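A.B. asks: Given the sequences, and given the hints that come with them, work out the whole structure.
Chains A and B are the protein sequences, given in the same order. Under numbering that gives the first Met the number 0, the letters of the first sequence match residues 0 to 91, in that order. Under numbering that gives the first Met the number 0, the letters of the second sequence match residues 0 to 291, in that order.
These aren't lab readings, by the way, just hints derived from the structure by calculation. Please read these numbers as outputs of a predicted model, since none were measured by experiment. Cβ atoms here follow ideal geometry from the backbone N, Cα and C, with glycine treated the same way. Do not take every clue at face value.
Straight-line Cα separation of at most 27 Å, DSS-like style, residue types lysine-lysine; simulated pairs [what the hints assert, rightly or not]: (1) B/Lys-53 to A/Lys-71; (2) B/Lys-188 to B/Lys-53; (3) B/Lys-188 to B/Lys-94; (4) B/Lys-94 to B/Lys-205; (5) B/Lys-287 to B/Lys-188; (6) A/Lys-38 to B/Lys-188.
Simulated coverage check for chain B against chain A, where a stretch passes if three residues somewhere in it have a Cβ under 8 Å from a Cβ of chain A [claimed, not checked]: (7) 27-33; (8) 38-45; (9) 48-59; (10) 273-284.
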Amino acid sequence: MDMSWMVWTPVTAGFFIFIAIMLVCMTIWQVVSPTIERKGFLPIVTTRGDRLFIGLLGSAYICLAWLGLTDKELWYGVGISVAWLVTVMRWG
Amino acid sequence: MQKWADNRAWFLILPVFLVVAFSAIIPLMTVVNYSVQDILGPGMSVFVGSEWYKEVLHNPRLHDALFRQLTFSFCVLAIEIPLGVGVALTLPRKKGVWASTCLVLLALPLLIPWNVVGTIWVMFSRPDIGLAGVTLNEIFHFPYNYTADPLHSWLTVLVMDVWHWTPLIVLLGYAGLQAIPEAYYQAAKIDGASRFAVFRYIQLPKMRGVLLIALLLRFMDSFMIYTEPFVLTGGGPGNSTTFLSQFLTRLAVGQFDVGPAAAFSLIYFLIVLLFCFVFYTTIVNLGKGEAQ
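C.D. replies: In structure tokens form, the structure reads like this:
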């Protein structure tokens, strides 16, 4: 099957593979030890999947804000995003 | 009741997953790919990284369109939801010929396609021959002209949307009200509850589910509004009714800048995602708070 119309680049391919791996890992984690709903610093009760979603959505906005508000390299923004994701997953 | 925990049931959603992958996920991935490249033609593309995102985020015309869009969606929700709930409350509670007649009459605007609604309103509000335009200009001596005044054209689109879509809220609200058992009203009567208390503690909480759907539908629809302003003034006068989707269409189809258009589509998608998530979470959690 010819997929050249999707004009893949190594960066976007890596991004989607990363997301896919994350989802697979979350599924395995869920099977091994099911999630317990809890309340952290976020104002709502969340499961592990909820926190991943909030973390990823927040990361996207952090990256956009970084691009929109600063002129520095995007990698710093990505760094902040990862820190945010870890924070939400652990203490959210 | 003991629920079955058989994970093989997940295979039953496989067909849905395949359809969604074909119709949504793969196209979305393509958009992501487009957004990081400068596509010059088939087989000719240059990787540009976050360039388009930067360009789009720094575009003042996009800021204007976004602000206009948010104001518009906010006004649509602020008018349509209370108005729709209000009308639903005034409809007869008992089923009968009268209730059915009201519902059919109210549902009529919903049957009209967007572009026809636009055309109807173009005629209706023309200052020289339209009923509303002439009434405002000749009888009330209000210089109404939607093709020249940005505010008038903006308000016309808003009124058009309210006219077109408030019936949806009415129908959903009415369905929610119909689902309330008579016993609740009897209990309220025994307790001597006021009309407002009945609304606040019985009707409104019972309508939460349908109102959530109404809110999400109306938000998403108004946030993607395209046809009505396009038919009315083509986004003008100036850019006063150029909302996000029209801006995007100009970028992608008019100028064929697929890279920036893709980057902007993703930002658009993220905004919709955030708003829907916030609305959904807020309303679901309000429900939990009252149930306790």
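A.B. asks: Give a verdict on every hint.
C.D. replies: The hints, checked one at a time:
1. Distance restraint check for B/Lys-53 and A/Lys-71: the Cα-Cα separation of roughly 11 Å lies within the 27 Å cut-off, and the hinted pair is therefore satisfied.
2. Pair hint B/Lys-188 plus B/Lys-53 does not hold up; C-alpha atoms about 61 Å apart against a cutoff of 27 Å.
3. Between B/Lys-188 and B/Lys-94, the direct Cα distance comes to roughly 21 Å. Compliance with the 27 Å bound is thereby established for this hinted pair.
4. With a C-alpha separation of about 19 Å, the suggested pairing of B/Lys-94 with B/Lys-205 holds against the 27 Å cut-off.
5. Using a Cα cut-off of 27 Å, the hinted pair B/Lys-287 and B/Lys-188 holds, with the two alpha carbons roughly 26 Å apart.
6. Between A/Lys-38 and B/Lys-188 the CA atoms are separated by roughly 39 Å; this puts the pair beyond 27 Å, and the hint is violated.
7. Residues of the segment 27-33 of chain B with a Cβ under 8 Å from some Cβ of chain A number 5, which satisfies the need for three, so the listed coverage holds.
8. With a cut-off of 8 Å between beta carbons, the segment 38-45 of chain B has 3 residues touching chain A; three or more are needed, and the interface restraint holds.
9. Only when three residues or more bring their CB closer than 8 Å to a CB of chain A does the claim for the segment 48-59 of chain B stand; here the count is 6, and the claim holds.
10. For the segment 273-284 of chain B, the stated coverage by chain A is satisfied: 4 residues place a CB nearer than 8 Å to a CB of that chain, which reaches the threshold of 3.
Hint violations for this structure: numbers 2, 6, all remaining hints satisfied.
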